[in-house]
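Put chain E on the given structure of chain X with help from the hints.
So the sequence lines, in the order shown, correspond to chains X and E.
Be aware that the first sequence starts at 1, since it is given in the UniProt record's numbering, and climbs by one per residue.
Be aware that the second sequence starts at 1, since it is given in the UniProt record's numbering, and climbs by one per residue.
Accuracy of the hints is not assured; some may be wrong.
[Unchecked claim] Derived pair list, reagent style SDA-like, types lysine to any residue, alpha-carbon separation capped at 25 Å:
(1) X/K119 x X/E80
(2) X/K329 x X/S354
(3) E/K176 x X/D96
(4) X/K116 x E/V207
(5) X/K124 x E/V207
(6) E/K176 x X/G112
(7) E/K134 x X/G184
(8) X/K124 x E/K176
(9) E/K151 x X/E242
(10) E/K176 x X/E242
[Claimed, not checked] Footprint (simulated), chain X over chain E, 3 or more residues, beta carbon under 8 Å:
(11) 48-54
(12) 131-145
These are computed hints drawn from the structure, not numbers from a lab.
Yeah, the Cβ is synthetic: ideal placement off N, Cα and C, and Gly gets one too.
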Amino acid sequence: MASIFQAVGAARALSSSNSFDSKKFYLTSRESVSERKGSIFVVRSDGRMNSGRVDKLVTNAVATKADSAAASTASKPGHELLLFEALREGLEEEMDRDPRVCVMGEDVGHYGGSYKVTKGLAPKYGDLRVLDTPIAENSFTGMAIGAAMTGLRPIVEGMNMGFLLLAFNQISNNCGMLHYTSGGQFTIPVVIRGPGGVGRQLGAEHSQRLESYFQSIPGIQMVACSTPYNAKGLMKAAIRSENPVILFEHVLLYNLKERIPDEEYICNLEEAEMVRPGEHITILTYSRMRYHVMQAAKTLVNKGYDPEVIDIRSLKPFDLHTIGNSVKKTHRVLIVEECMRTGGIGASLTAAISENFHDYLDAPIVCLSSQDVPTPYAGTLEEFTIVQPAQIVTAVEQLCQQ
Amino acid sequence: MFQSLDFPGGRVAFTSDMSFIAESSEKRVKCYRVLDDNGHPMSSRFEQVSKEVAVKMYSSMVTLQIMDTIFYEAQRQGRLSFYLTSNGEEAINIASAAALSPDDVVLPQYREPGVLLWRGFTMQEFANQCFGNKADYGKGRQMPIHYGSNKHNYFTVSSPIATQLPQAVGAAYSLKMDRRDACVVTYFGDGGSSEGDFHASLNFAAVMEAPVVFICRNNGWAISTPTSEQFRSDGIVVKGQAYGVRSIRVDGNDALAVYGAIHAAREMAIREQRPILVEALTYRVGHHSTSDDSTKYRPADEIQHWKISRNPVARFRKWIERNGWLNDEDESELRGNVRKQLLHAIQVAERTEKPPLGDLFADVYDHLPSNLQEQERLLRETIEKHPQDYPDGVPV
Numbered sequence: 001m002a003s004i005f006q007a008v009g010a011a012r013a014l015s016s017s018n019s020f021d022s023k024k025f026y027l028t029s030r031e032s033v034s035e036r037k038g039s040i041f042v043v044r045s046d047g048r049m050n051s052g053r054v055d056k057l058v059t060n061a062v063a064t065k066a067d068s069a070a071a072s073t074a075s076k077p078g079h080e081l082l083l084f085e086a087l088r089e090g091l092e093e094e095m096d097r098d099p100r101v102c103v104m105g106e107d108v109g110h111y112g113g114s115y116k117v118t119k120g121l122a123p124k125y126g127d128l129r130v131l132d133t134p135i136a137e138n139s140f141t142g143m144a145i146g147a148a149m150t151g152l153r154p155i156v157e158g159m160n161m162g163f164l165l166l167a168f169n170q171i172s173n174n175c176g177m178l179h180y181t182s183g184g185q186f187t188i189p190v191v192i193r194g195p196g197g198v199g200r201q202l203g204a205e206h207s208q209r210l211e212s213y214f215q216s217i218p219g220i221q222m223v224a225c226s227t228p229y230n231a232k233g234l235m236k237a238a239i240r241s242e243n244p245v246i247l248f249e250h251v252l253l254y255n256l257k258e259r260i261p262d263e264e265y266i267c268n269l270e271e272a273e274m275v276r277p278g279e280h281i282t283i284l285t286y287s288r289m290r291y292h293v294m295q296a297a298k299t300l301v302n303k304g305y306d307p308e309v310i311d312i313r314s315l316k317p318f319d320l321h322t323i324g325n326s327v328k329k330t331h332r333v334l335i336v337e338e339c340m341r342t343g344g345i346g347a348s349l350t351a352a353i354s355e356n357f358h359d360y361l362d363a364p365i366v367c368l369s370s371q372d373v374p375t376p377y378a379g380t381l382e383e384f385t386i387v388q389p390a391q392i393v394t395a396v397e398q399l400c401q402q
Numbered sequence: 001m002f003q004s005l006d007f008p009g010g011r012v013a014f015t016s017d018m019s020f021i022a023e024s025s026e027k028r029v030k031c032y033r034v035l036d037d038n039g040h041p042m043s044s045r046f047e048q049v050s051k052e053v054a055v056k057m058y059s060s061m062v063t064l065q066i067m068d069t070i071f072y073e074a075q076r077q078g079r080l081s082f083y084l085t086s087n088g089e090e091a092i093n094i095a096s097a098a099a100l101s102p103d104d105v106v107l108p109q110y111r112e113p114g115v116l117l118w119r120g121f122t123m124q125e126f127a128n129q130c131f132g133n134k135a136d137y138g139k140g141r142q143m144p145i146h147y148g149s150n151k152h153n154y155f156t157v158s159s160p161i162a163t164q165l166p167q168a169v170g171a172a173y174s175l176k177m178d179r180r181d182a183c184v185v186t187y188f189g190d191g192g193s194s195e196g197d198f199h200a201s202l203n204f205a206a207v208m209e210a211p212v213v214f215i216c217r218n219n220g221w222a223i224s225t226p227t228s229e230q231f232r233s234d235g236i237v238v239k240g241q242a243y244g245v246r247s248i249r250v251d252g253n254d255a256l257a258v259y260g261a262i263h264a265a266r267e268m269a270i271r272e273q274r275p276i277l278v279e280a281l282t283y284r285v286g287h288h289s290t291s292d293d294s295t296k297y298r299p300a301d302e303i304q305h306w307k308i309s310r311n312p313v314a315r316f317r318k319w320i321e322r323n324g325w326l327n328d329e330d331e332s333e334l335r336g337n338v339r340k341q342l343l344h345a346i347q348v349a350e351r352t353e354k355p356p357l358g359d360l361f362a363d364v365y366d367h368l369p370s371n372l373q374e375q376e377r378l379l380r381e382t383i384e385k386h387p388q389d390y391p392d393g394v395p396v
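Bound conformation, chain X alone (with noise of 0.2 Å):
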């Protein structure tokens, strides 16, 4: 209710100091990781934990190469959520952890948000701190930068990550670049969040995807969620990151279930998430494609072949050291992506590869994106503009016949 965040206004109220040092409020993640009561860990990509498990974790989304030792929250059974409750439990958890944190965006108040992620916080934390904005996105989003710089930490939420296309200025320009140019005297900690990705007829203008055209900004981060175990923690890391983070959820993957740890954790922004371990190819991919790719994966495994699956998640920068890892081992890079052949992400990250590991590569990459066509309304147009597992599958067959 308005009750708590005024508690939390008074505290604050009786300010004396003369001038914004937006440094003063700085907590680390690292001080508030080992501060926190109850075990919270960092979950490393190869299964590497603070706490001393090596398993791996596993999501149960998707069917995955069974491993042994799966059981992937051990001691506490976790509790079941779908994508769009995880996203709000990091946030909500962001949101009584730190005053500062508040949400902007059209609709997020009491209606909830488009996509309910934001639903039951104004209740909650007032409207203030969850603020319904007019409609003008280069607008909010230059809110939130102000906002930041004067020590707050919004998150900006797009209707639809196509209508951020409007705050494409506020991005670049000052979200990406005030912390340099200012001299490193003010800092950004915002997090621009949205569903991007292509849903179901939703029309061009709903389908956008874009991470293609952010990822060139300096300044920023970018973290693509697919499951809610993963959209969770990158949202709480998002949080805490001193840098401007976009994190692009996907219209479709908002009603996936998946069982979650009680306990509190955070992702690594900077880190890809292994789905599947295998020798045979290495296949790259993030959000939707996630799961294409590992129902391909069921039918190439059926007939012999052992792909080793990555979600990328980190699409700026690319964690190139688990995909490095990777393409020393297999040799062989398959990425199957959703954005446009032109200058996606697939693009950059095929000229990384290639630069990076030119020399451990049997043969040439071979990316899998859609067309460089507005995405049509009929389904049937736009079912082939996404990549299909059938794709995937004889592309995989392909590459490993070389």
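Quick look at chain E alone, frame taken from chain X:
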């Protein structure tokens, strides 16, 4: 018989007379003024200013004038790559700054260095930024005049027009959450009021009841575009009501009027938690910047008229002098000192080392990520191999 009806947004009375609201009022909105052109107060009701504050205001206006002259010359001599002056807008700069408290957060456009000057930014600090040397708070990353100082509550200037306006609303939102006894003040020009961000910001500020004072420096020109080609409304002041924002038009060349209006606006913004719009009418005496020659699009005698007869500094001087607070000797001593200080600061700034190579990559993120570390390593390697192809004097 008048009736009214409920619609979303409230009750409206309706009428059988079909009449359109005129596109503009017959009379333009009046302009608040205290001193006439000869520095005589036109009424006794105005916000009084103490001798100390008045003298400081005057010295700052003079300092700003001299700073503009000398830095502009330095650019013409090739010592600076770029500069833009605030000629003609000294009263807006200094008087508005004087009416604020140091806790008020300022988001400038770019023609408001006087606000920073008032708050204590030194000649040396200005010069360092213009020369982009290692003592610049911006670490040499921005073009000249893109000052920024968190300790002075002056947000770093960002070139794109009007982007600071929604940021101002965000900053005000932050102050509102904290219940601070402070407001946000943001500046923009007549041209800036055409940007989408201007409209959304006023709207947001009104809806959010945010304590922002929006100050428009309507100086008649957006580079070569006169206001008649920028908008068809009666200036910017009338736009306030369209968004539910209280507004005032003020004579921007009258230091006392600006001081009074901003002081009042600030009180209202904080006490009532609402935005205020102040349109300060003035004239851009200088060129848009060193990349512009305004005699190409406006008559030289128009510029002269504003420079001489409508000069805000001279007008304020008359008032101060009449109060016995300043004389000719004081003035020449002031001008002499400032000039000397500034020339010295420029010399020092010019000789100071440029930022080191590491500053090219630092602060893009909070910590240097591996890809940037790699890029830095490659650059250093290349410079080592081909030193003759890279500027010397840059610390590596």
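Earlier hints that do not hold, by number
11
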